[in-house]
Structure formats: structure tokens, C-alpha cells
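Could you build the full structure based on these sequences and the hints that come with them?
Residue numbers (our numbering), protein chains in the order written: chain A, 17 to 367; chain B, 17 to 367.
If you're looking for bench data, these hints aren't it; they were derived computationally from the structure.
Every residue, glycine too, gets a C-beta built ideally from N, C-alpha and C.
Hints may be right or wrong, so weigh each one.
[Unchecked claim] Below, simulated EDC-like cross-link-like pairs (lysine to aspartate or glutamate); rule was C-alpha separation at most 20 Å, straight line:
#1 B:123 with A:207
#2 B:283 with B:118
#3 B:355 with B:131
#4 B:158 with A:199
#5 B:123 with A:348
#6 B:141 with B:131
#7 A:123 with B:124
#8 A:79 with A:352
[Claimed, not checked] Here are some chain A residues the structure puts well away from chain B; computed CB gaps all over 12 Å:
#9 36
#10 40
#11 90
#12 164
#13 200
#14 213
#15 314
Protein chains: 2
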Amino acid sequence: MSDTSINPSEVDIVVAAINSDLTPFLNEWRPIFSPFHLIIVKDPDMDGELHVPEGFNVDVFTKSDINRMVGSSHSILFSGYSCRYFGYLVSRKKYIISIDDDCIPAKDNNGHIVDVVAQHIANLKAPATPFFFNTLYDPYRKGADFVRGYPFSLRSGVTCALSCGLWLNLADYDAPTQALKPEQRNSRYVDAVMTVPVRSLMPVSGINIAFDREVVGPALFPALRLSAEGKIRWETVEDLWSGMCVKVICDHLGIGIKTGIPYVWRKERGDAIESLKKEWEGVKLMEEVVPFFQSVRLPRSAVTAEDCVVDMAKAVKEQLGKVDPMFARAGDAMADWVKLWKSVGSSAPEV
Amino acid sequence: MSDTSINPSEVDIVVAAINSDLTPFLNEWRPIFSPFHLIIVKDPDMDGELHVPEGFNVDVFTKSDINRMVGSSHSILFSGYSCRYFGYLVSRKKYIISIDDDCIPAKDNNGHIVDVVAQHIANLKAPATPFFFNTLYDPYRKGADFVRGYPFSLRSGVTCALSCGLWLNLADYDAPTQALKPEQRNSRYVDAVMTVPVRSLMPVSGINIAFDREVVGPALFPALRLSAEGKIRWETVEDLWSGMCVKVICDHLGIGIKTGIPYVWRKERGDAIESLKKEWEGVKLMEEVVPFFQSVRLPRSAVTAEDCVVDMAKAVKEQLGKVDPMFARAGDAMADWVKLWKSVGSSAPEV
Numbered sequence: 017m018s019d020t021s022i023n024p025s026e027v028d029i030v031v032a033a034i035n036s037d038l039t040p041f042l043n044e045w046r047p048i049f050s051p052f053h054l055i056i057v058k059d060p061d062m063d064g065e066l067h068v069p070e071g072f073n074v075d076v077f078t079k080s081d082i083n084r085m086v087g088s089s090h091s092i093l094f095s096g097y098s099c100r101y102f103g104y105l106v107s108r109k110k111y112i113i114s115i116d117d118d119c120i121p122a123k124d125n126n127g128h129i130v131d132v133v134a135q136h137i138a139n140l141k142a143p144a145t146p147f148f149f150n151t152l153y154d155p156y157r158k159g160a161d162f163v164r165g166y167p168f169s170l171r172s173g174v175t176c177a178l179s180c181g182l183w184l185n186l187a188d189y190d191a192p193t194q195a196l197k198p199e200q201r202n203s204r205y206v207d208a209v210m211t212v213p214v215r216s217l218m219p220v221s222g223i224n225i226a227f228d229r230e231v232v233g234p235a236l237f238p239a240l241r242l243s244a245e246g247k248i249r250w251e252t253v254e255d256l257w258s259g260m261c262v263k264v265i266c267d268h269l270g271i272g273i274k275t276g277i278p279y280v281w282r283k284e285r286g287d288a289i290e291s292l293k294k295e296w297e298g299v300k301l302m303e304e305v306v307p308f309f310q311s312v313r314l315p316r317s318a319v320t321a322e323d324c325v326v327d328m329a330k331a332v333k334e335q336l337g338k339v340d341p342m343f344a345r346a347g348d349a350m351a352d353w354v355k356l357w358k359s360v361g362s363s364a365p366e367v
Numbered sequence: 017m018s019d020t021s022i023n024p025s026e027v028d029i030v031v032a033a034i035n036s037d038l039t040p041f042l043n044e045w046r047p048i049f050s051p052f053h054l055i056i057v058k059d060p061d062m063d064g065e066l067h068v069p070e071g072f073n074v075d076v077f078t079k080s081d082i083n084r085m086v087g088s089s090h091s092i093l094f095s096g097y098s099c100r101y102f103g104y105l106v107s108r109k110k111y112i113i114s115i116d117d118d119c120i121p122a123k124d125n126n127g128h129i130v131d132v133v134a135q136h137i138a139n140l141k142a143p144a145t146p147f148f149f150n151t152l153y154d155p156y157r158k159g160a161d162f163v164r165g166y167p168f169s170l171r172s173g174v175t176c177a178l179s180c181g182l183w184l185n186l187a188d189y190d191a192p193t194q195a196l197k198p199e200q201r202n203s204r205y206v207d208a209v210m211t212v213p214v215r216s217l218m219p220v221s222g223i224n225i226a227f228d229r230e231v232v233g234p235a236l237f238p239a240l241r242l243s244a245e246g247k248i249r250w251e252t253v254e255d256l257w258s259g260m261c262v263k264v265i266c267d268h269l270g271i272g273i274k275t276g277i278p279y280v281w282r283k284e285r286g287d288a289i290e291s292l293k294k295e296w297e298g299v300k301l302m303e304e305v306v307p308f309f310q311s312v313r314l315p316r317s318a319v320t321a322e323d324c325v326v327d328m329a330k331a332v333k334e335q336l337g338k339v340d341p342m343f344a345r346a347g348d349a350m351a352d353w354v355k356l357w358k359s360v361g362s363s364a365p366e367v
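Structural data, given as C-alpha cells:
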């Protein structure tokens, strides 16, 4: 763990409330979350009342807030796991940390509770090194450094914009893998964090992430939605799609993304076989979109995340729109997201 | 640890003998090395007698063997740490494992001795995944898999040709880092192995590596030698240079390189301040060569490691030769290495 000091006024913790009773979830996280401001967004499809325990500095947003602020006839749907993105939109803090509500704190190899906030912020505050691979993992971590042969000119690194955490117990598998290996549990705590190299794509999972909202906030959005999507993590792809976009955008802007610690402990939810019985499009999807994201290039005129999303949305509509109308809708949603970010959201007003 | 079964007839362990008394080194490794054939190459600069303990299946090669088989007036010098490459040349096995003689077995997080042979061979026998990043590390490891969103078409992976292990206690730092942080020790055992993504360069260290000799043997050679090179690891760059070449070649051939476990425990040797007092060129070197290796492209006609080395040698001489005569000599050595590999070495004769 880094000894980076954290200013609570810099951090929002965003929770998408899929479960109506957040009491067990928040009580587990209390020692870690209580110094920070929480933004809880209630899934607009949830009928019952949301239960949030006492003792937190929290703002809760519901369907009526969403409708009031962004309208209800929008291309962007904030239902299910996507409701978290409404929280990203209304935050005014530098850093956002987002954790799914079926995750509780994990323990490290020494049995100590992992402070997910401290580690995510340490990841974001220390530079990233996307342009050369350091075999000794994060070179800025206490006790670590750059390995012999690492170019000195690259040792100052670049801004880290996104920190992708991992999962113990139930890892983030897709429905087919989960159905095939229902007993598989992840018990290996890998005590490392590293920069994902430039031009290497990865599946970003929204379960346990943190990002610099000021730098890449506009590039994290709920744009792609499967028609058979439900309230189970492996039925959603909004984070995978947004993750491919944000990786390409970070590569273009010369900033970095890290993956590794901190871990959360993920509890079980859902029946993978039931998900597979639906007409599940997730498997096919990545085969279609990976070649696009591997080859798409953004223009030099795109110098902010907002610019990049606008240009990426155009490319998506032009190149993928004809493959499936789902992609054309995703392109529209991305363009609309940037407009929302500038109006409802917290973008610095452009004079 | 994988349960891959290992056929000893497939493996050579190559040791460059820099120390004249290998007794403590080999006694430490006895439980792990004893089923396998060892090739020990005595540093031709060593004057004294080499001591090798009883009880190993071992062939020792000395200066007279080197002179007899490759001649003494060659562009390739097999002295110091480079003597190991003579072992690579005379091996006839599928896999080679090479460990520096100042390393002993490490212990994992559970206190168990790391079987460096079993883990390296498991790394080489399981596929590599250079074309997409798996956030859950090696997807083929017991208890692991591909993360949600990983393209199914890429889940079969490609051949893994090189396995780069790591170091506990004394990590592989350069002389400036070692001089700046003389007390720094690596105590973090990161229980992971991963594929280095395509087009991402890395510093390959020769301290603890294994490779598929039949696939990439011709691409591991002692070509670049600093004028002030001594018998201290951080004064050598032959492995860094060869590592940049082999990474570019693997990328070109569509095969993979892994980094991570197994660890060795590295003991101390050398005085970093003394190294810095020499006219040490290592720092400058990487700044010159990284842009070259990032941009060099091999022709489609290069379909084997041998072809690739010949083409790479030409590019080195043309593009780097004018920067420093050291690089021109390295290009000559690479071309000569392929000739040696075909004559003295074990290349399949081309009819």
C-alpha cells in the first residue's frame, strides 16, 4: 500500500444500487468509505424503497432526479448497472471510485483488509508507464523500481487516468465460462499493479474501478446495451464497450491505464445457465468490435477526452453502424453523452 | 504451480560459470536440477580450476572447447556472462533453462521452494496471449480463466517461446539504481505470470530465463558488448540487446513471451559505485536503441527466427551502425551467430 495522503474533498464513491437494501454492503465498507462522500444512484427500474444505513455522507439519486436532469426520452438509458454513470455525471470531484454492490472488502496475503480507496488513489496519483514494459510491475511502489535496461527517458512516466481493480472469490467471468466452471473461485491474491501497454486492448470491468474524472470522465459512459441485458453482471457489456473506447482514447492522448490491486471480494449472484438461455449476444460482440478498436485512429485535432469521444462516436457510426443497429445506437449515445457532460455535467464551460 | 509433466530428455539447464566454485550453487539447486542434463560453460577468462560437485548429469565446456568449435578470432566473444550462449549453441534439447550462478532457489508466499524448472516449462508449454490483455494474468493457470469480454477467437493463444523469470532479494537493477538505493531488496513475491503484449518492448534479463530452443534459439545471442563491461551483471547488456531483438522477432512471427514467476533468490555481488566509476555506457544505450526497435519492421519473407536475425542484423548495421561502431559490430556478430547456429549448432540442415 502506498502512503499517498488522500484529501476526501477530491473523492466521490459512486454506487449503483441494484439491491434495494444496501445496509449489509455499506456496513462492510464503513471503515473504508465513511470519510468520503458517497453518490448512490438507485436503479430506475427498482420499484421498492432503497435502504441506506445511517452514518454516511451520502447523496441518493433516483429516477425522478434522472428524469429531471437529463429527461426521460434520451438515447442514454441509466437503468440497471448503467445507473452508476448518472453518478459520474453529477460528481464534481477529481477522482471517482465505483464498486458494485455485491462486493465487500477483500483481505491481502497477510490477512489485512484491503483499503480499496487508498490503493486506487495511489494508482491514480502515481504515474503510468505505457510506453515500455517494466517486468518489476509498478516501479513507483515502495520497494520497487525500474528494471535494468528500462530507458531513463521514460522513467518519469505519464498521467494515470484509470485504475482497474480485481476480484477475489467470484472473478468477472462471462456467462459461458461461469456456466462451464460453476465451482471456480479466484483465491489467488496477486500483489501487483501494472500499466497496460499502449496499443494493447483489454476488457475493462466496471465492478471495481477508479478514474480521474477531470481527465477521462467524458470517456466513461453507458452507450452499448444488449437487447437481452438483465440485472446480472455477465449480461452487461456497457463497461467493456466504454473500456475499449477509453483505452484507445488514453493511447491517443498519451496517458495511462493500470490494472491489478486493489481487490474486492465478490459475492455470488445470478444463474449463468439462465443467462445463456436468453439470446445472449456478448460472445459475438467482442469478435466484431475488437478489430475496429484495434485499427481506429483519432485525429490530431482531438486533444481532450470530450473531443475524442465525439470523433470516436462518428467512427463507430460510420464503420460499425452498418454491422448492427445496436452499434449505431451506441454511437448516438456517445455523442449525446458528451452533450450531457457539457450541460448537466461538470465540464468546464467553453467560452 | 502447473501439473505439466516434464520429460527430462527435452530440457537442458545451462549455467555460465563465473564463479570457479559451483559447489554451493549446485548443492542448493540439487533437488530441482538433478533429474536434468546440465551444460556448464566455464568463463574463458577464468584462470583457476572449476569445481563442480558430484552427482549431476553434466557436460562442462571450457575455452579449449570454444576455440576448437568456433575458433578464437570470431566476432562473437564468449567471455564473462556471454559464455552461456556457447551452451545454447551446443544444446540439442527442445527447451533451455538458464540461471546465473549467484542465484539460489526462492520460496513462494507459502514458504515452499519454487521449482524453477517446472514453472518455466509450464510457461513454455501453455499458450501465450500477446494480442489482447487478460487482466486475470495467465488464463491457462489452474483456477484462472479469461475475463469477461476477452474475445473467444483469441482464447486458444499462440506458441510461447520465451519465459522470463524474476528475482527476490536483489532484483535486476542497473548500476545507478543500485548505487542510489544500496539497501533496497525485493521481498514481494508476485504470484503471477503474463504474456507481454505484442509491440510492447521490455528489458529481457538473462539471469533467470527459459526458451524453446527449436523456435527462438537462433535469436538469443551475445552480440552487444560494452567496452567497459566487467563480470558484474549490471555492467552487461548482451541480454537486453538480444531481448529487444527476440521480442521484435516474436512479434513478427506471431509468437509470445511471458514474464513473471518463477522467481529465484539472488545473492549480492559487486560494487555499483565501482561500476559507475568506469565509463559506463549502459544508460545512454537504451535511449539510442529503443526508437530503433520500436520502429524496425521485418520483411514478410522472414519466416523463421534465423531469417529474422539475418534481416535484423542488416537493419542494425544500416540504421544504427553510423551512430556507434559498437552497433555495427553487434550487427556483424548477429549475422555470424546465424552462421554458427547452422554449422556448429543444431539448426535442422536445410536441403
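message = For a quick check of understanding: which of the numbered hints are violated here, in increasing order?
response = 3, 5, 12, 13 and 14
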